[in-house]
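Participant: Spelled out, the chains give:
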Amino acid sequence: MPLAAHAASVPVVVDDAKCIAAKGCTVCVDVCPLDVLAIDLVRGSAFMKYDECWYCMPCEVDCPTGAVTVNIPYLLR
Amino acid sequence: MNAPVTETLEADVLVIGGGTGGPMAAIRAKEANPHLRVVLLEKANVKRSGAISMGMDGLNNAVIPGYATPEQYVKEITIANDGIVQQKPLLAYANGSYDMIRYLDKLDVKFEKDGAGDYAVRKVHHMGTYVLPMPQGHHVKKVLYRQLRRLRIGVVNRYMATRLLTTRDGRIGGAIGVNTRTSEFLVIRAKTVVLTCGAAGRLGLPASGYLFGTYENAANCGDGHAMAYHAGAALANLECYQINPLIKDYNGPSCAYVTGPFGGYTANNKGNRFIECDYWSGQMMLEFWRELESGNGPVFLNMTHLAPETIGEIETILHSNERPSRGRFHARRGTDYRQRMVEMHISEIGFCAGHSASGVWVDERAQTTVPGLYAAGDMASVPHNYMLGAFVNGAIAGEEAARFCAEVDLPEADGAAVAAEQDRVLAPTRRGDGLTPFEVEYKTRRLVNDYLAPPKITAKMRIAQERFAEIRDDLGALVARDPHELMRALEVQSILDCADMAAAASLFRTESRWGFYHYRIDYPETDNDDWFCHTLLSRDADGRMRHRKHAVDPYVVPVDATEMTAYQKLRIVPAEAAE
Chain A
514 MPLAAHAASV PVVVDDAKCI AAKGCTVCVD VCPLDVLAID LVRGSAFMKY DECWYCMPCE
574 VDCPTGAVTV NIPYLLR
Chain B
189 MNAPVTETLE ADVLVIGGGT GGPMAAIRAK EANPHLRVVL LEKANVKRSG AISMGMDGLN
249 NAVIPGYATP EQYVKEITIA NDGIVQQKPL LAYANGSYDM IRYLDKLDVK FEKDGAGDYA
309 VRKVHHMGTY VLPMPQGHHV KKVLYRQLRR LRIGVVNRYM ATRLLTTRDG RIGGAIGVNT
369 RTSEFLVIRA KTVVLTCGAA GRLGLPASGY LFGTYENAAN CGDGHAMAYH AGAALANLEC
429 YQINPLIKDY NGPSCAYVTG PFGGYTANNK GNRFIECDYW SGQMMLEFWR ELESGNGPVF
489 LNMTHLAPET IGEIETILHS NERPSRGRFH ARRGTDYRQR MVEMHISEIG FCAGHSASGV
549 WVDERAQTTV PGLYAAGDMA SVPHNYMLGA FVNGAIAGEE AARFCAEVDL PEADGAAVAA
609 EQDRVLAPTR RGDGLTPFEV EYKTRRLVND YLAPPKITAK MRIAQERFAE IRDDLGALVA
669 RDPHELMRAL EVQSILDCAD MAAAASLFRT ESRWGFYHYR IDYPETDNDD WFCHTLLSRD
729 ADGRMRHRKH AVDPYVVPVD ATEMTAYQKL RIVPAEAAE
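Chains as they are written, first to last, in the numbering used here: chain A, 514 to 590; chain B, 189 to 767.
No lab work stands behind these hints, which were simulated from the structure alone. One or more hints might be untrue.
[What the hints assert, rightly or not] The calculated EDC-like cross-link candidates involving lysine to aspartate or glutamate, where the alpha carbons are at most 20 Å apart (straight line), are: (1) B:Lys-737 x B:Glu-713; (2) B:Lys-330 x A:Asp-543; (3) A:Lys-531 x A:Asp-543; (4) B:Lys-648 x B:Asp-710; (5) B:Lys-631 x B:Glu-595; (6) A:Lys-562 x B:Asp-670; (7) A:Lys-562 x B:Glu-673; (8) A:Lys-562 x B:Glu-713; (9) B:Lys-330 x A:Asp-575; (10) B:Lys-631 x B:Glu-658; (11) A:Lys-562 x A:Asp-528; (12) B:Lys-276 x B:Glu-552; (13) B:Lys-631 x A:Asp-564.
[Said to hold, decoys possible] Where chain A lies over chain B, by a calculated footprint (3+ residues, C-beta under 8 Å): (14) 229–242; (15) 389–397; (16) 402–413; (17) 505–515; (18) 616–624.
C-beta: ideal position from N, C-alpha, C; glycine also.
One chain only, chain A, in its complex shape:
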């Protein structure tokens, strides 16, 4: 069967102004238990690539610059 592209709002928000992924930081990507974050090489910042969040917060707590915010996913908010 052919595949459709689904859009979904994602709970983890990264502040590009604070994110230092361009300097090589990958802390939030490293600590995520579900491996749902990635680095956007063009923008030079982290982002949530897959809507598969356990809202557990290591990405936010371990971020050295306070760039990451974990919101509660909309479906259970």
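On the provided structure of chain A, position chain B as indicated by the hints.
Facilitator: Frame of chain A; chain B shown alone:
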């Protein structure tokens, strides 16, 4: 098609799962013999993986001299599980409990102590006193990680184990893993394997409909249960589901073990207590479900009567530990513990010995039925073992594996088995279109809710088996467009295996037991004549599920017949009815 990129590793002790019990197994194996090659394989990153990713707010089963004895604890858990326990592993846990607390204390895990420096143990269980708060328990994973580094244990992150390797004579031989970011393979030849993959927590679908809004860490999807099954190990009492009382929609603990000792309690919509004890058990969940279904639902956690300072203390613990985002969830809805009760609900079903009793069958030495294969934590069959049980039983598994290594040679990897497994794993990457892991997982788990969640009905469970068989055929159409999707495609196969096991095990036991966990409408009574036994599920030579009864070993801690019913009497009789 190019041959898959494959690395090989050799280990004396291979630990699969780097959450709670896994790191402890690796640490204790290395401490037992520093010359051993100990490898810890983790699907995520050991720094923040597993159920205690963000720490833990307390020990729920601390057996501390002066508060409880190992024998008292064994008795309490025997009664809470309607008598179907192996007391020897329970006693092994209870005997190791205090030493492990002191070991963790030495590693700098912080426990609550009173002014005299003694552990400040609280009562939550129906009978004994076993709860030790950890208001600063958010740092547990950091402490474990430091010790792994200190001992120079080989940590391999972002590899998902997919199948265990066994030798021709049925002994463990290692495992095959696939990198979750590159799809590269790792074949690990190992003398012993310790499975510590956590609960099967992505089995039922949460009421919110959000696939990853599970009670358990959503990475814990039953990989360990499935791997053990395919390696021929027996799994015990899988019909004894895990179902927990949780904050509605948020689907995390509220948590009664934290709030209970401060005076919080479970209440109905009139604000009245209806159960005597908030300790999680099948009997407690049955009363909880009955209240939800009655005109007195929904069910709440009430703290509105507590002093503001007390609530402040509770909030500090709950909003910095284990599931810290619950504060954020409450804030958005304007739920303040001082003014409003917290709406509660029952979780989706899963397999988790941490809170319930089912899992890979192990004895008091953490040995499974496959020689050289050990299991511990939420996925092994020691009931109600919680975080401390994962540590204690993980330690036992690590030490036993270290000992077993001295007796055996490193097995050769079975090349044909490796090639076949690589074909199975990579199949979804070789299709351009088909079914996504997301939709196959959603459908499987939605059917689990529709047909397997209690109250269990024979006709519904048979329909579930038909639907699962159709989905099994659909697995041949799974498509994965990148390594991440491939991980999900593999996970959904573990989820389907667990769903099939849940249905089969539930149909086999033709009685009701463990309160709500195995409440069968067609067989509403507990039948001690025919079913006072464990049930073991395993794979036969033809790849079919096989069931057998296994007698409950004679108790090492005797339990009085009058005491045995203590957990059957949890419902509070209203004052007017009692008069």
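Participant: The structure should be examined with respect to each hint, and the outcome stated for every one.
Facilitator: Here is what the structure says about each hint:
With a C-alpha separation of about 18 Å, the suggested pair Lys-737 (chain B) and Glu-713 (chain B) falls inside the 20 Å cut-off, and the hint holds. For a cut-off of 20 Å, the pair hint linking Lys-330 (chain B) to Asp-543 (chain A) stands: about 14 Å separates their Cα positions. A distance of roughly 18 Å separates the Cα atoms of Lys-531 (chain A) and Asp-543 (chain A); the hinted pair therefore holds under the 20 Å criterion. A C-alpha spacing of about 11 Å is found between Lys-648 (chain B) and Asp-710 (chain B), which places the hinted pair at or below 20 Å, so the restraint holds.
Proximity of Lys-631 (chain B) to Glu-595 (chain B) is assessed by CA-CA distance (about 46 Å); at most 20 Å being required, the pair is judged violated. Note on Lys-562 (chain A) and Asp-670 (chain B): the hinted pairing holds, with a Cα-Cα distance of about 12 Å set against a maximum of 20 Å. For the proposed pair Lys-562 (chain A) and Glu-673 (chain B), the alpha carbon gap of about 12 Å is at most 20 Å, so the pair holds. As the CA atoms of Lys-562 (chain A) and Glu-713 (chain B) are separated by approximately 50 Å, the hinted pair breaks the 20 Å bound.
Distance restraint check for Lys-330 (chain B) and Asp-575 (chain A): the Cα-Cα separation of roughly 11 Å lies within the 20 Å cut-off, and the hinted pair is therefore satisfied. This hinted pair checks out: Lys-631 (chain B) and Glu-658 (chain B) have alpha carbons roughly 11 Å apart, not beyond 20 Å. Restraint check for Lys-562 (chain A) and Asp-528 (chain A): the C-alpha separation of about 15 Å stays at or below 20 Å, so the hint holds. Between Lys-276 (chain B) and Glu-552 (chain B) the CA atoms are separated by roughly 6 Å; this keeps the pair inside 20 Å, and the hint holds.
This hinted pair checks out: Lys-631 (chain B) and Asp-564 (chain A) have alpha carbons roughly 17 Å apart, not beyond 20 Å. Residues of the stretch 229–242 of chain B lying with their CB closer than 8 Å to a CB of chain A number 8, which satisfies the three-residue condition for coverage. Figure legend: the stretch 389–397 of chain B, annotated as covered by chain A; annotation consistent (3 residues with Cβ-Cβ distances under 8 Å, at least 3 required). Against chain A, the stretch 402–413 of chain B contributes 4 residues with a C-beta closer than 8 Å to a partner C-beta. That satisfies the three-residue criterion, and the hint holds.
Coverage of the stretch 505–515 of chain B by chain A holds in this model, with 3 residues showing a Cβ closer than 8 Å to a Cβ of that chain against a need of three. Using a Cβ-Cβ cut-off of 8 Å, 4 residues of the stretch 616–624 of chain B lie near chain A, which meets the minimum of three, so the contact claim holds.
Checked against the numbered hints above, the structure violates hints 5 and 8; every other hint is satisfied.
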